[in-house]
Amino acid sequence: DAGVIQSPRHEVTEMGQEVTLRCKPISGHDYLFWYRQTMMRGLELLIYFNNNVPIDDSGMPEDRFSAKMPNASFSTLKIQPSEPRDSAVYFCASSPDRGPTDTQYFGPGTRLTVL
Amino acid sequence: GQQVMQIPQYQHVQEGEDFTTYCNSSTTLSNIQWYKQRPGGHPVFLIQLVKSGEVKKQKRLTFQFGEAKKNSSLHITATQTTDVGTYFCARRGSSNTGKLIFGQGTTLQVKP
Chain F
5 DAGVIQSPRH EVTEMGQEVT LRCKPISGHD YLFWYRQTMM RGLELLIYFN
55 NNVPIDDSGM PEDRFSAKMP NASFSTLKIQ PSEPRDSAVY FCASSPDRGP
105 TDTQYFGPGT RLTVL
Chain W
30 GQQVMQIPQY QHVQEGEDFT TYCNSSTTLS NIQWYKQRPG GHPVFLIQLV
80 KSGEVKKQKR LTFQFGEAKK NSSLHITATQ TTDVGTYFCA RRGSSNTGKL
130 IFGQGTTLQV KP
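Line by line, the protein sequences give chains F and W. Take the first sequence: its position 85, counting from 1, is numbered 89 in this note's numbering, and each next residue is one higher. Take the second sequence: its position 84, counting from 1, is numbered 113 in this note's numbering, and each next residue is one higher.
Simulated from the structure, these hints should not be mistaken for lab results. Watch out, some of these pointers could steer you wrong.
Cβ pair distances, simulated, as ranges [to be verified]: (1) Met43(F) with Glu46(W): 45 to 53 angstroms; (2) Val57(F) with Lys140(W): 46 to 54 angstroms; (3) Lys80(W) with His14(F): 12 to 20 angstroms; (4) Gly69(W) with Pro65(F): 18 to 26 angstroms; (5) Glu22(F) with His104(W): 42 to 50 angstroms.
No residue lacks a Cβ here, since even glycine has one placed at the ideal position from N, Cα and C.
Could you build all of it, start to finish, from the sequences and the hints given here?
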């Protein structure tokens, strides 16, 4: 079975540019999560969706960040404009909705470098 | 609040030595999950503990859930270089809607 798919795997961009990260969750999973990981702040939850609806976006750093889930098999995280402090590894994860013991399955991540 | 604290943050051991990481919460946990992230990789689910005092083993790894369900530990016996990585514990968010709150992680280095 295919796991969570993320693209691109690496992204290098210049400050001020728009960046779009993409995620395809595991088929049949109802939850989708976007995380950011840095050495300083660890693994931070940015936003998550349930059945394509954003449930909690309290972790989104600021208005430059936006996330969408137009259908059950695709989500995007957009940063516009990007800044050097956005450099991090961004993970997408998905989870089925079978109750409080569900585990999360992480994608390989997108390593973003903003110059 | 809902945070889980992990200690230590880093641990360097000689291959063959044991290793333990601890996860503590100020509030009672419904369950606790453990994940491992290899260097350059992504977090991968290891195990989940649900019952008070529960102990589960996976080969050289032993996971415990405290009697009060406020702490958990992961113990590795006779570490190997393949054990290198960061170990995270994670608790369910209070609203029980699928959200996990991860600890800061313990990064294990094993010297051959």
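Inset, instruction - Given the hint of 42 to 50 angstroms, check if Glu22(F) and His104(W) actually sit that far apart at their C-beta atoms. - result: 46 angstroms, holds
Inset, instruction - Could you say whether the range 45 to 53 angstroms given as a hint is met by the Cβ separation of Met43(F) and Glu46(W)? - result: 25 angstroms, violated
Inset, instruction - Just tell me: holds or violated, for the beta carbon distance of Gly69(W) and Pro65(F) against 18 to 26 angstroms? - result: The hint (18 to 26 angstroms, Cβ to Cβ) holds, given that Gly69(W) and Pro65(F) are roughly 24 angstroms apart.
Inset, instruction - Mind checking the hinted window 12 to 20 angstroms against the Cβ distance between Lys80(W) and His14(F)? - result: Distance hint for Lys80(W), His14(F) is violated at roughly 42 angstroms.
Inset, instruction - Determine whether the Cβ-Cβ distance between Val57(F) and Lys140(W) falls within the hinted range of 46 to 54 angstroms. - result: 48 angstroms, holds
Hints 1, 3 from the list above are not met by this structure, while the remaining hints are.
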